[in-house]
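Peer 1: Protein chains in written order, with the numbering used here: chain V, 432 to 1056; chain H, 432 to 1056.
The set of hints was computed from the structure by calculation and includes no laboratory data.
A portion of the hints provided could be inaccurate.
Said to hold, decoys possible - Covered stretches of chain H, going by a simulated chain V footprint (3 or more residues, C-beta under 8 Å): (1) 581 to 593; (2) 879 to 885; (3) 900 to 911; (4) 1017 to 1023.
Unchecked claim - Some but not every residue of chain V turned toward chain H, in silico, with C-beta under 10 Å: (5) 445; (6) 592; (7) 624; (8) 1004; (9) 1006.
Where a beta carbon is used, it is the ideal one built from N, C-alpha and C, also for glycine.
Number of protein chains: 2
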Amino acid sequence: MESQEPNVTKSPLMYSNRVPVKTILEGSTSDADTGFIGMTVVVGGWVRSSKEVRKEPVSPPSPSSSPQMAAGAAPLGTKDVSCVEILQSRIPFFRTIIRVLGGSASSPAVRQKLESLIAKPPPPSTFFLQINDGSSVSSLKVVIDSAIVPVLAGQILPTGTCVLAQGVLEKPSADEKQTIELKVEKILHVGTVEQDKYPLSRKRLPLDSLRDYPHIRPRTTTVASVTRIRSSLDFATHTFFQNHGFLHVQVPIITTTDPEGFCEKFQVTTLLGEPSKKEASIGVSDADGVSLETIKAAIKEKSSLVEQLERTDSNREVLAAALQDLRKTNELAKQVETREKSKPVTAVKPDLVNFNADFFGQQSYLTVSGRLHLESYACALGHVYSFGPRFQAKKIESTKHVAEMWTVEAEMAFSQLEDAMKCAEDYFKFLCRWILDKCSDDMEFISKRINKTVAHRLEYMASSSYDKISYKESVEILRKATDKAFETQLQWGVPLTDEHLSYLVDDHYKRPVIIYDYPKAVKPFYVRLNDDGKTVAAFEMVIPQIGTVVTGSQSEERFDILNTRIKEFDLSKDQYEWYLDLRRHGTVEHSGFSLGFDLMVLLSTGLTDVRDVIPFTRSHGKANS
Amino acid sequence: MESQEPNVTKSPLMYSNRVPVKTILEGSTSDADTGFIGMTVVVGGWVRSSKEVRKEPVSPPSPSSSPQMAAGAAPLGTKDVSCVEILQSRIPFFRTIIRVLGGSASSPAVRQKLESLIAKPPPPSTFFLQINDGSSVSSLKVVIDSAIVPVLAGQILPTGTCVLAQGVLEKPSADEKQTIELKVEKILHVGTVEQDKYPLSRKRLPLDSLRDYPHIRPRTTTVASVTRIRSSLDFATHTFFQNHGFLHVQVPIITTTDPEGFCEKFQVTTLLGEPSKKEASIGVSDADGVSLETIKAAIKEKSSLVEQLERTDSNREVLAAALQDLRKTNELAKQVETREKSKPVTAVKPDLVNFNADFFGQQSYLTVSGRLHLESYACALGHVYSFGPRFQAKKIESTKHVAEMWTVEAEMAFSQLEDAMKCAEDYFKFLCRWILDKCSDDMEFISKRINKTVAHRLEYMASSSYDKISYKESVEILRKATDKAFETQLQWGVPLTDEHLSYLVDDHYKRPVIIYDYPKAVKPFYVRLNDDGKTVAAFEMVIPQIGTVVTGSQSEERFDILNTRIKEFDLSKDQYEWYLDLRRHGTVEHSGFSLGFDLMVLLSTGLTDVRDVIPFTRSHGKANS
């Protein structure tokens, strides 16, 4: 980057000379002052849209008369320095051209190309670019007069081109919508686009097509808004919990404890080796080696048997049989060899794997939930929360679940089911209010382009009270629903499906509902058994159009009952000894909940598929970066 | 929990009736008012220490005269309600006893036990407990008069016992250090301890022994302090970046891209199956099945060959040989069977595994670094950061590295090496200052008990300026170091080892140093090549007594050079196509860095081993929860 002249306005966003577009636009809407009008600033961003307006042909200006040549340039007319050399040494834009043309400036071919460009300057034009740098929904209008700043239209106009430019902020002519624009004096950098390969060259690609380009899609207005809202919800989460005396605990991602008992999990291993070129190849195990070698030895044996038969002059029949046998054994050897060399392993029975030799000396998984680990900190420090990625190896495609999702978990000692419900509701409302307060520009964009009702819904959810009904009551309501035929026939004990929940919140209550006291069989083993012996102290917070966003519970603090529940769920007790310790020593009533963070982003943005709100989605068959 | 009387002071920590110890202690040190003295509150926590003081024997008071019986109790002397029944129905403490004695109150055995307890009350004592709830380094003194609140000493005195009690806050007698204590009127819950099994029954277990009890150790003062400092640094991180216009991006944990090129990685798979009892067993693959079956078929063949030989009246020698052959093949079959049944797979050559059948249809890993993914968001939205777990499958034990560590990564578009160095330094100083400002109690404890110099060092690091030297300069300094003989002989191009770095910051500069412009071979492929063609725009921030805490770089924004570097590193180009897209379309100068969060906690707490500051450490052979 060029060193800046002293009068360039410094950026409030540090660690870069540029001024964010947001700062400029917000400054210019202030009635109190004239904002940034008249200031010289550096602005960087990517072209969202552009147009070129041809000027009436005039005699082309000499390139050396452009303003950036004025300060410190070699005196005009110096004969021993070629025009090209002056340009090379002074104007970063031309350096960019040289780079783009594919060579160093000193190569004769490039020099020729460059001279041909300069010899025939394009007809003068004005380029109007809408530049966006991700700081705001809105873009800044950037005006480049090719008579003043030489530029190749084909290079700077395409959508996605990166431009870093210095100029003066001016008030546009009265008929413009925008209140400020940048009149460019100097272009500091251009990052071109290969238009035929660039996925965003086509206008308004639908969201599902954008999923194939997770690394490019944040350049769209929608995904940029989603990212800003997501980041804001993230900070809101930490703010809420830290302000309420919760400590953040980073629970482990790799675990040997299964917190749910009925989830498909990913295994973490180093047994499958790496196709690394730098490492010594991880050999076939001894056991594997033996089998092939032993068979080869057997063949050798058999060959000698055949020889022996031949020597002893046995009848042809026996010899033929022996030869056939040898051939078969050879075939067997080939089969085993083929299997070991090319037929790949598609599943290894876990009983056959020596997990003692794995990195952790035992089978280990990606965590499904951090709540069990979090409990150990709650049972020492009171109020704790965690916020991190959780994993489920579900193969079914869904708009609400993918393999890797971020989850907020909270756990509170000396608290009961109602406390967890209250905390979850307050936290959820806090998030809704936060988005309305802090992301008004993005919400405006969403209302216009994605979903008109989101802001209204967030406002309603932030301010209304939520109905609390027991599972039993919800079953009664659903059984009375004569206007709706459900796929799953409902009776007490059956898990509520998406269509049941949708009926309750979308049709019946028309607002968020908290359902509590579930049948014990449909909730994890650690949920506290109620006095009826049939239900457990679990709850779910169900949100219209989304479904369950929060699941929570009071944990079983009684050692004997927890122990029984582990047996009932047919879980390996060894795995839970550490967890039982929390009841063995200084047990305490405690409760907590998990919030699906990606679902929270979904409902805040009015989108309908989590794959559009997660930066790099991982789902069955899909993890391409 | 019992419903509270209306005069109980409500907790400022919501979602629990209890008042945190910190609130009480801070309220009582205020000079402006008398704090909480005289108020009735509920306090919960775990016993840190205790003593029992026997009173002079007096005539034992009738249990029914205890104060908690006064309000709403059945009139004294009612004959048809036994004393035990009144106690059962009114006093939660006795319900706890009943629970602890292992039965329901109605069982005759329990009733007998309980009556025997009441019949012979223990001699009156005063119990003094120091109760800690994790909100503060300090504990609250809790005083229980057994004459007023009947309690079993053996049950409530052991370290680690959980107590939830209601009482009045009083000023202790003048000779006490503490300014406030709780005079208990009612015990709401007791969670007992199995003393012989409780790891913290032994006083002051060293930190390395505590590592075996990650679920219990947050109950120690040291690990509780570490947790509070860690949580505070966490919030400081989000505060710093959000205040500087960075967006938080949750980069993926599961990845198919290797960001370093020379790290040992964990594989994520579903091929190894699960030993789940609920799922259909994942079968041995066809290939595996074939081998044993085929051998069995071969044995059958051979048996018939032997029969044939017997029938054809061959000579004994041939028959014996054939029998021997059969025996050998049988042996082979047994070997294969044994291998498949009990000899476990210890390593599978990756070439042999069909990753098309794996969950993601290809080999996938736990991420080593999120910077590559983060770049794609920087190249759209400007300033971004991520904060999450990163993984390396290094088998070497170390006090500075384990398998799962949390890392903060920042990436800035339109920025260069110096910008990243400046941002990293500011962020680091912000963290140091934050800890000094927000965690003064914990820092005081650390100064007293762990490390006297930490606060001073944090103060110094927050306020001093850091030397910036090139790798070349650092090599020159080290080569001139005549007072030190290094294990690795230094010459340009060699990576700096821990002992080199230690010499530079601990002996030579005696303060943090930033080293930049490293030889290109010792840094990842994506670091920007300097004009000398030999060095790259990387830097490391090295901290006295800790080592490298931050690594950063300007990324290579030039397509051709990046492409060449990928080839030089012998990396699979396919894997990096998406990453190259960021240079193909609208490329931009950008830089960033990673901070090892666990190391930051280490230097803030004065501890020396990361395994003491990570909640649940994962390292080679160790992941027991």
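Peer 1: So, for every hint listed, does it hold in this structure?
Peer 2: Taking the hints in turn, this is what the structure says about them:
{"no.": "1", "hint": "581 to 593", "verdict": "holds (count 3)"}
{"no.": "2", "hint": "879 to 885", "verdict": "violated (count 0)"}
{"no.": "3", "hint": "900 to 911", "verdict": "violated (count 0)"}
{"no.": "4", "hint": "1017 to 1023", "verdict": "holds (count 4)"}
{"no.": "5", "hint": "445", "verdict": "holds (6 Å)"}
{"no.": "6", "hint": "592", "verdict": "holds (6 Å)"}
{"no.": "7", "hint": "624", "verdict": "holds (5 Å)"}
{"no.": "8", "hint": "1004", "verdict": "violated (13 Å)"}
{"no.": "9", "hint": "1006", "verdict": "holds (9 Å)"}
The earlier numbered hints that this structure contradicts are 2, 3 and 8.
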